[in-house]
Each structure stands twice: as structure tokens, then as C-alpha cells.
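As they're listed, the protein sequences go chains W and G. The numbers in the first sequence follow numbering that gives the first Met the number 0, run straight up by one, and end at 548. The numbers in the second sequence follow numbering that gives the first Met the number 0, run straight up by one, and end at 180.
One or more of the hints may lead you astray.
[What the hints assert, rightly or not] One-sided and incomplete, this derived list gives chain G residues near chain W with beta-carbon spacing under 7 Å:
hint : residue
1    : P124
2    : K169
3    : E171
Just so you know, these hints were derived from the structure itself, not from any lab. Because the structure is a prediction, the values reported are computed rather than measured. Backbone N, C-alpha and C define an ideal beta-carbon position, used for all residues, glycine too.
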Amino acid sequence: MVTDNKPSLVAINVDGVEHLVPAGANLVDVLGRIGREVPHYCYHPKLPVAGNCRMCLVELGSPMRDRATNEVILENGKPKIGWQPKPAIACATTVSPGLHVKLDSPVVKSCREGVTEMLLVNHPLDCPICDQAGECKLQEYSAEYGRGASRYDHEKNAKPKRSRLGPRVTLDDERCILCSRCVRFTSEVAKDPVLGFVNRGSFNTLTCFPGRELDHNYSLNTVDICPVGALTSTDFRFKMRVWFLKQTPSVDTESSAGANTIVWSREGVIHRITPRRNDAVNDTWMADSGRELYKQVTAENRLRHATVRGARATAEEALAAASEVLAAGPLAVVGSGRLSVEEQGLLARIVSARGAAAYVPAHVGKGDGLLVSEDRTPNFRGALVTGLTAREADADLRALAADIESGKVRALLICREDVTALGLSATLLAKVRTVVIGTHADATTAAAEVVIPGLTVFEKHGTFINCQFRLQAFAQAVPGPAGVMPDALTLARLAGADAGLVWQDLSALPQLTGLDGAKLPAEGVQLDGSAWSRLRFPEGRLLKVATPA
Amino acid sequence: MAVKVVERRPLTLAERTYLPQILAGLRVTWENMVRPPVTLQYPDERPAIPQNYRGVPTLVRDPEGREKCVSCQLCEFVCPPKAIRITPGEIPADAPTAHVEKAPKEFEINMLRCIYCGLCQEVCPEEAIWLQTQYSMTGLSREAMVNDKARLYELGGTLPDAHRKWDVKKTEAERQAGGAH
Chain W
0 MVTDNKPSLV AINVDGVEHL VPAGANLVDV LGRIGREVPH YCYHPKLPVA
50 GNCRMCLVEL GSPMRDRATN EVILENGKPK IGWQPKPAIA CATTVSPGLH
100 VKLDSPVVKS CREGVTEMLL VNHPLDCPIC DQAGECKLQE YSAEYGRGAS
150 RYDHEKNAKP KRSRLGPRVT LDDERCILCS RCVRFTSEVA KDPVLGFVNR
200 GSFNTLTCFP GRELDHNYSL NTVDICPVGA LTSTDFRFKM RVWFLKQTPS
250 VDTESSAGAN TIVWSREGVI HRITPRRNDA VNDTWMADSG RELYKQVTAE
300 NRLRHATVRG ARATAEEALA AASEVLAAGP LAVVGSGRLS VEEQGLLARI
350 VSARGAAAYV PAHVGKGDGL LVSEDRTPNF RGALVTGLTA READADLRAL
400 AADIESGKVR ALLICREDVT ALGLSATLLA KVRTVVIGTH ADATTAAAEV
450 VIPGLTVFEK HGTFINCQFR LQAFAQAVPG PAGVMPDALT LARLAGADAG
500 LVWQDLSALP QLTGLDGAKL PAEGVQLDGS AWSRLRFPEG RLLKVATPA
Chain G
0 MAVKVVERRP LTLAERTYLP QILAGLRVTW ENMVRPPVTL QYPDERPAIP
50 QNYRGVPTLV RDPEGREKCV SCQLCEFVCP PKAIRITPGE IPADAPTAHV
100 EKAPKEFEIN MLRCIYCGLC QEVCPEEAIW LQTQYSMTGL SREAMVNDKA
150 RLYELGGTLP DAHRKWDVKK TEAERQAGGA H
């Protein structure tokens, strides 16, 4: 165990070349990092080592020592290397000082060729209809390390195809190479062991426990880690080939856990969302519920144009009407943890410029202890950092309702919140002049005087601050509906600010000093959240948050 | 620039009468009048097209009438002018060809874009797309020049299947269902 902060390095020798690598690291990880990838199926950096696929066999050796004196034996002035008589699996090897590895020897090559040939013995020729084609490890390694032709002239094993493992996962047992990644994931990470192998030899088959289904909220991670096309997503099944899809880094907005994601789109249509590795937040996992959020982009009730008093309006007309409403009298602002940091910063400018009262409603659900937290907004911490609010999220809007009743508030700016679900009835909204910036039609937009459409997280870029106070960027994956302005631009126009310069103001904030939202590293930036340590946040334990904040 | 005066050779009597030239020309005319024609009365007459001709790309069925395309979208990927557009779909579980699982829901080839290169035929792992002998594509609108799935099968017809890959697979699965190995 390394106790000091200095990274302790050891020297290993790969095919005659010395490398300095972190001590105690897994050999597969280390070799991947120095650009000498070892083919592997069953090994996954975030799962326990199983060592059953045998694809990562390499030759290992170490300097020989004299048994009597424990001195290193020299040969021609160099340490004499004692090579292990048989190849060993790299995934079950941790690096040690002086470790020697052969990756290119005839033995290693014949091992890989043999393993590949045996895996392909019963593998169906399904690539044309298999969703994994294009991102299939078996396909890649067969091309790279296989012999190119089959010597097996018997009939292939037939196993169940197109079987339903759960509501979101379809299993093709013929394609399974029995790596057991999914089995280990469900038992070790999801803590809901429902998968296992039955039968023996070539009858060996992946299946669910009797009477059970793979139905927990992390089931689609088994699809991500499946190295072949055995486990496929029922939602994405036969939708689009992966080689057509553009990958855009994004952030899961379903909760303040802020799992990092990749949005896969083609020609402006999103086809799937998968997790993006971030060891500080979500490892390589994400919840199934967050993968369906792309459907909000094409939802029936999507707002596609502005309205003023119920009539369709252009963006400019709506902005003019909104400015007039905001100037109508004492203003209150309902912000949201769904807004990005940039939008919250601009909204905070409006709040301070007009002396408005600001509310950020709370959306609390049940946390699962992994990657769905209790706070169901992605960016409540952003509202704190940008100064939009200084208190805990508002459980209800009763104070605002009282202000409207008493006439203390005459104008209302609502961003990305359905206030009718939070205690402001439509009759109460009729007593104030209301501007709503939202993405989908709801009872609030129906009651508002001016409705300005906004963009979903997939159609704009910006940053969120998750419950660990980690600033993370999301990029635009697809274009928004024609004529719809980014929310930040709308708010900038209402605030009389320049949306392009928003980070000049934000970087003046104490927690964001020197940062630029457009130039964040992929893994995000950890901010100092100690200023709010007295607040009580709803979040409990999460995958990477041991103790509640 | 110096001018060089070239002395012109005087014409002979035969040349001055033009008769040899006229007769030579008439000979060519007469020869062609009696020679069998090399042209065709297109479009009433059509040329014989060799089997390896690269005509309009079409989709074909196997001798059992199953559509061979499984919408793997490799042709869409390889198509240099991006003329092909496929919407993949799933074969319902109760269909006779359910074991193939996947088939195109929609398949469009834009013949205004197609360059008849034949890469789609070359890349097809199921031998489902063929550039056959149809060479004349006309239409009165841009939409009419986009061949949809029904039209592609109508143009393609049925071709023999030497591999019968999916039939073999189905037979084997049925045999093994009885516990055979």
C-alpha cells in the first residue's frame, strides 16, 4: 500500500525496452498505458480479475538471484533473466521491479492465435446482423491475431438467440464467449447477482437465475462491457451501426451524481447514450434511466417556437415582450438546478441587477447509493457557486406564492421549472406577468404570458457542477429545433450581457478563479465547496462519495 | 520574321477534273450502303448486355423468396457518393425467416447520386445487392429517381444462392434442439 503522495515507480522491461510504471498496477493496464495493448476479453479495469479468457497470455520473467547470497546473477554484465517456463496471464499480474515481459515472442503469438481459433469454433457468423459489429473485441482481435481462416469443419453449436434477459437487455447466447464480465458486474458493482453460467463444456450458457430478470437500473452496463454482441440493448437493437455515430462528451442530467456520458448521434439524431470513464465520478458505469433521456429531444410536447400571450412569435418579438414584462414591477426569479453554470451566472446577474428574489426548487428522489443521487437536478451546486442562491434548495414555493398573493411580486421569470407542480397554481400565476424559458410544454408554459423555448443538454454546450463540487463540461451533440436560441443567449439578452463573455464574469468568482468552461479537461475540475459545508444537502452515499456531504 | 516562299506544285489533269476524288468518295458511300448496320434502333431495339455489366444496383431475393439483405449497412458505409440510405428493422419473431432477425425496414438508392462503381455489391456480405443489366434510369422528378425498397426488389428479382447460409444454420439449430451436439 502506497501511503505517501509520491507516485512510486518501478522499472519493467517490455520486449527489451525499459519503462517506468506505477508500482502495484495491473500489467494489462500498464501495458495499455505505454502503448503496448495486450488483447483481453474478460479483464476489465473496474471489475475483479477472473482470468478465464486466456487472451492476455504473455511470457514473464524476472532477474535471477543466487539462492545462497540473494545476489542478482549477472550474465555478460546484465542481470540474468529467469523466464517462466509457460506463458502467464497479464491480467492476474501486478507489476514488480525488474519484471520482464515478452509480447511479441512466437509463444505469445501462438497463444493468441490458439485462443482466438477456439473462441471462433462456435461463434456464429452473425457480424452482418450483430449490433456489436464495429466495436466488437472478438472482431478486432480476430482480424489482428486470428489465423484468417477456420479449420473447424463440424457444425457449430446452436444456443438460444434473441432471448430476453430483462426489460432492456437482449441476450444472444451463441455469441457469448463466457468472459463473465456481466456476471461479475451484477454481483460486484450492481450488488444484484442475477446472472450466471449453467451447463458445462460447450453447453456452457449464460442465463438469469430462475425466476429472476436482469431488471435493475444498471442492467445496460452489462451491454457496455460485453466484449462481443451477446448482450445487446433492446432500445438500441438494430437501430444504427456504430460506425456511423458521432461521439459527443456529455453529462448525465438525471441527478447531481453527474455521471460522464458519451452521446452517440448521426445527422442530428441521437441513437444512444453510454457512460464515459471518469474514475473520480462514475468509473465506467451509468444508470439505465439516464440513457433514455435523449428521448426528450423529440418529445411530443417539445417547445419549438416562442409564444407571446398564446400567439406564436419570433424570437425577437418574444425577447422584447419578455424585457417589457420583467420591467413591469417587483420581480421574482425561479431558477433551476437544471440550468447550466453559465445560465445560472447570467440569471444571477438579472437577479442582482433587478433586486429580485430568487428561488431554486428542490427535486428530491430516492438515491440508489451508486450513480443516481437524491438530488434529481444536475447542477444545484452551480446555483450556489454562481450566487443564484445562498441557501438550501427550496422544498416548495410557498413564500413566493404569498408574495404574489400580497402583490409584492408583479413579474415572474421562470427557468426550466414547472412551478404548478411546486405549489404555484395556474390561478396564482394569472395574478402576475410571467416569462417562462423552458424546453417542454407544461401547465406553467400554458399559463405564462411569454414563453421562450430553450435547448436540452444535448443541443447546447456548457458546464454542470455535480454533488462533489466537480465542474464538468458537456458539449453539443445535435442541433436544436430551427430558430430556438440557446438558453444562455436568451438570458444574456435579458440581462443585457454578452453570452460569449460569460466566463469572464464567472472566472471572477472565488470558486471558479482562472477557469474557462470551454477549456475544461475531460475529467472535469474539482472545486472547493467548503464555503457551503454548513448547508444540508439531500445526497447520501454514492459510488465515489463515501460519506454524505 | 523571314518569309519563305514555297513553290506550289501544279495540279495534274486528274486532280483538276476532281473525278478520282468523287469516285473514291462514292465508293465509301456504296460500301456502307450495302454493309449490315452497326447501330441499333434505340429504344425499340436494345443491345445485349453482358452478365458482368455494372448497371443499376438492385436488391435480390433467394430462390425461396427471402429477401437476402439483412441491413448491415456496409453498402451505405462504403458508397462513395452516399447514394444509399437504409433504415434497419427487426424481423418479427413469428415470421418464417425469424432466425435471420434483421432486415431493412426501408432501403433507398438515390440514382441521381449513384456512380455505378459497384462497391456496394463488392462489400455485401450477404450477396444481396447486385448491379445488374438494367442501365437506363429515367424519371420526371428527383423523387422518381430514388429507388425505394419495393422498386429495388422489383428490379432485382431472384438470383441463385450457392451458400444458403441461413437455411443451413436453421436446420442445424433444429437438429440440435433435440439434444444432439
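Evaluated hints:
| no. | hint | in the structure |
| --- | --- | --- |
| 1 | P124 | holds, 5 Å |
| 2 | K169 | violated, 9 Å |
| 3 | E171 | holds, 5 Å |
In terms of the numbered hints stated before, the structure departs from hint 2 and from no other.
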